[in-house]
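K.L.:
Residue-level listing of the chains:
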Amino acid sequence: MTLLFYLASAAALLATLAVITSTHVVHALVYLIVSLLAVAVIFFVLGAPFAAMLEAIVYAGAIMVLFLFVMMMLNLGQTTAQEEREWLQPRTWVGPSVLVLVLLLQLGRVLVGEHTEIMPVEVGVRELSLLLFGPYLLAVELASMLLLAGLIAAYHVAKK
Amino acid sequence: MESIPYEHGLILAAMLFVCGLVGVLTRRNIVFVLLSLEIMLNACGLAFVVGSARWGDAEGQAMFVMILTLAAAEVAVGLGLIIQMYRRFQTVDISVLNEMKG
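Residue numbers (the numbering used here), protein chains in the order written: chain A, 226 to 385; chain B, 38 to 139.
There is no bait here: all hints are sound.
Facing chain A, according to a computed beta carbon distance under 7 Å, are these residues of chain B, among others:
#	residue
1	I41
2	M52
3	L58
4	G60
5	V68
6	I76
7	A90
8	Q98
9	L105
10	T106
11	I120
12	Q121
13	Y123
Read the hints as simulated data drawn from the structure, not as lab findings. Predicted model only: the values in this text are computed from it and were never measured. Note that the Cβ used here is the ideal one computed from N, Cα and C, for glycine as well.
Please put together the full structure from these sequences, using the hints given.
P.N.:
Take a look at the structure:
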């Protein structure tokens, strides 16, 4: 299980790096799907099977397919890939990357201090739904309203 | 079942978040910016699930479900905006959006 966690972590990190460095949008989308599926494997290892299912179905399935449909509608073509290569010069990404690396080192410095071992126990859909439809009922209602607002806004904004 | 160090899970979430942040800061194609935002939201969800596994209860997973909802709504509106931008400017370069024309 521990080995699986580290393998999936490596896959997620490499795929995410490929997403932010690739020049073709569709390639980036497929890499992101790989990354999301690796994160789903991590959820499974950590004893959260329902979260893993949601990650695979909603993120890697629905949201990424939405992206793919919009990319097909826009039909960006080969010229954009060339533009991307021109935009991705080292002088544009070295500065932000160094700053963000400092942030990562600080985060790592904070996190390395404590050491706890997780013994994964399965927290399944039963416990989650008791929580979501008990104390978090108001949050679930608000989430449904957020989705409705998102639906209406997307319809209105994308209209001609 | 073997154990997993808690801080390694959190460091993985931090690394994924940082990758997304680099993407948001450096890319000029708005589609990549939206994809990087997705990476960042997903990293936050991973941190919540790791916390949920650490304490063995479902609160973190409930937060993950909320983040998932937020990401879905955000992508729907964001993609609508991208379509509208492409119609108006015939490009996905965010540097054309540097002036407000009302």
